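Protein chains: 2
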Amino acid sequence: MTTILFAAHPDRWAQYEAPLRAALAKAGLGDATLTCTAAPQQVDYIVYAPNSDVQDFSVFPRLKAVLNLWAGVETVVGNPTLTVPLARMVDDGMREGMREYVAGHVLRHHLGMDAHIKGKPGGWQPNAPPLARDRTVAILGLGELGTACAEVLLALGFTVTGWSRSAKSIPGVTSFHGPDGLTDCLKTADIVVLLMPNTPATENTLNADTLAALPRGAVVINPGRGTLIDDEALLAALESGQIAHATLDVFRVEPLPEDHPYWRHPNVTVTPHIASETRPETASQVIAENVRRGEAGEPLLHLVNRRAGY
Amino acid sequence: MTTILFAAHPDRWAQYEAPLRAALAKAGLGDATLTCTAAPQQVDYIVYAPNSDVQDFSVFPRLKAVLNLWAGVETVVGNPTLTVPLARMVDDGMREGMREYVAGHVLRHHLGMDAHIKGKPGGWQPNAPPLARDRTVAILGLGELGTACAEVLLALGFTVTGWSRSAKSIPGVTSFHGPDGLTDCLKTADIVVLLMPNTPATENTLNADTLAALPRGAVVINPGRGTLIDDEALLAALESGQIAHATLDVFRVEPLPEDHPYWRHPNVTVTPHIASETRPETASQVIAENVRRGEAGEPLLHLVNRRAGY
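Heads up: the sequence lines are chains A and B, in that order.
Just so we're aligned: 88 in the working numbering is position 48 of the first sequence, and the numbers increase by one with no gaps anywhere.
Just so we're aligned: 151 in the working numbering is position 111 of the second sequence, and the numbers increase by one with no gaps anywhere.
Derived from the structure by calculation, the hints contain no laboratory data.
Certain hints may be false.
For each label pair, taking beta carbons as the anchor points, the in silico distance ranges come out as [said to hold, decoys possible]:
| # | chain 1 | residue 1 | chain 2 | residue 2 | range |
| --- | --- | --- | --- | --- | --- |
| 1 | A | Pro219 | B | Gln165 | 37 to 43 Å |
| 2 | A | Asp174 | B | Glu279 | 36 to 42 Å |
| 3 | A | Pro306 | B | Pro295 | 25 to 31 Å |
| 4 | B | Pro295 | A | Asp51 | 31 to 37 Å |
Every beta carbon over 12 Å from chain B, so not counted as near; a handful from chain A, in silico [as the list claims (entries may be wrong)]:
| # | residue |
| --- | --- |
| 5 | Thr42 |
| 6 | Trp53 |
| 7 | Pro90 |
| 8 | Asp93 |
| 9 | His149 |
| 10 | Gly152 |
| 11 | Thr187 |
| 12 | Ala241 |
| 13 | Glu243 |
| 14 | Thr245 |
| 15 | Ala252 |
| 16 | Gly281 |
| 17 | Gln282 |
| 18 | Thr287 |
| 19 | Thr318 |
| 20 | Glu321 |
Remember, predicted model here, so these are calculated numbers, not experimental data.
The C-beta atom is built at its ideal place from N, Cα and C for all residues, glycine as well.
Could you build all of it, start to finish, from the sequences and the hints given here?
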């Protein structure tokens, strides 16, 4: 019999137990044991939050795979006791939430919405913004989430470019790759959206040099990972006007400490890591499908490349 | 020889002359006379802004058609001296601009963006919004602009419903029509977008009764026409909380007078009639195509139904 250990904070269990049982039954795994307290020698799969108590995977002799509840795997991928396959979470709810956040904040800057939200009585200046087709949005990171965002920005009419570590091809998107491609991609970007994973190679992708490569007055949107930005360099670029505005959802320390300069900078919007979250209903279906695949001997969805780190 | 009179404010002539000449040449009408001062007996077509000096069309004996520069024709359609065909302006730029404005303001409310734009240091409350698929946006008016907005909201994942005078069918949109259909459409709308034309039949479409049909806390977005809303009823619904927010781009009097209560209401956003404007480059192509059609004896694009008033 298949035993699935749910290893995450207890409040997650309350959210996930019912949708996960329903998804397992629907996948033909209604007889699997789903539990948050199993004897280690009986565990076949671990549904896993990296901040759970489980940190030593060597105690699970039968373990077939670890199914991460989160998109980010940076705090588990380097665990030396983890020798079985690791799958990231990529669920429709997360993809949709990200798409909505990115489209919304890109449109907010495109339309100059803040001036109206904070408008003064009688402030009637009927200057329509340019069309989206005349704005270039660059997406750094063309994985599942970056691709979903690129597609919806194209549907809105924006000119979309993208950059990734290795070459990618998305219809309608002008793509760049590799270290040299990054500067070329940034040079024409009115708005840049960061959607890369957190790996040693992506740390401080936006730094003094790359921020200087953007056109003056560009806008930065970061719903990816806090480590992608050199915070001191971004604050300096905001001071000089090189960057007109930054909308940031992720930070090196979360919650963002109350005394962090981002909170008080007039050209920074802080959102509290809400761009996208795993949703129990949609995520449970992905987990059940991966258990089904594991039991059927089929390759798992969203397997992590351990060398690349995502 | 074909003579085209450009009848609009002089600043429009400065914007339109070059793109209009280019579009006419491209349409094979390079030998047409384009002018803003023609002898009335020589005029074949009038490119027309309803606020121009030309108000008596009976002085143009050869006139074949009036090609409106604006989407709205409410101030010309009833002119008794106008007996030739009248075409509305429907240009790609206007359609795109409207799509962007509507998508942006719908997402702003969907994401609860204002709380972050106006956020306080340390205000870290990581509650992700629901997904777009769990929000219903109702579009009142399913013409060219309403359809374009419905399509982009579908691409963003929203549940989209629509209402129009006569039955319309748009893939993916649950459509209602006629007076009874309006209440049914409003009953489930989290956000309602007004995109009907200004006709006697559409005046005060949102009034005390129809506002009461919306779920409590609904959001109103009006980029259509100021006359679609009973302003007193909307202010009362905002006061009571029946309507959580109204974003208004069009008004009975424009510019909106500085002492109008909309300017100071905390739950109203005023935008200065910028949701969509005719763009000289794209609009000139539509005008040139209609002159070409007129000269070739083909039916004009975007003909106004004089009885319906749009």
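Okay, the hints, checked on the actual structure:
| no. | hint | in the structure |
| --- | --- | --- |
| 1 | A:Pro219 <-> B:Gln165: 37 to 43 Å | holds, 38 Å |
| 2 | A:Asp174 <-> B:Glu279: 36 to 42 Å | holds, 40 Å |
| 3 | A:Pro306 <-> B:Pro295: 25 to 31 Å | holds, 27 Å |
| 4 | B:Pro295 <-> A:Asp51: 31 to 37 Å | violated, 52 Å |
| 5 | Thr42 | holds, 30 Å |
| 6 | Trp53 | holds, 19 Å |
| 7 | Pro90 | holds, 17 Å |
| 8 | Asp93 | holds, 22 Å |
| 9 | His149 | violated, 10 Å |
| 10 | Gly152 | violated, 9 Å |
| 11 | Thr187 | holds, 14 Å |
| 12 | Ala241 | holds, 28 Å |
| 13 | Glu243 | holds, 23 Å |
| 14 | Thr245 | holds, 24 Å |
| 15 | Ala252 | holds, 27 Å |
| 16 | Gly281 | holds, 20 Å |
| 17 | Gln282 | holds, 22 Å |
| 18 | Thr287 | violated, 8 Å |
| 19 | Thr318 | violated, 10 Å |
| 20 | Glu321 | violated, 10 Å |
Hint violations for this structure: numbers 4, 9, 10, 18, 19, 20, all remaining hints satisfied.
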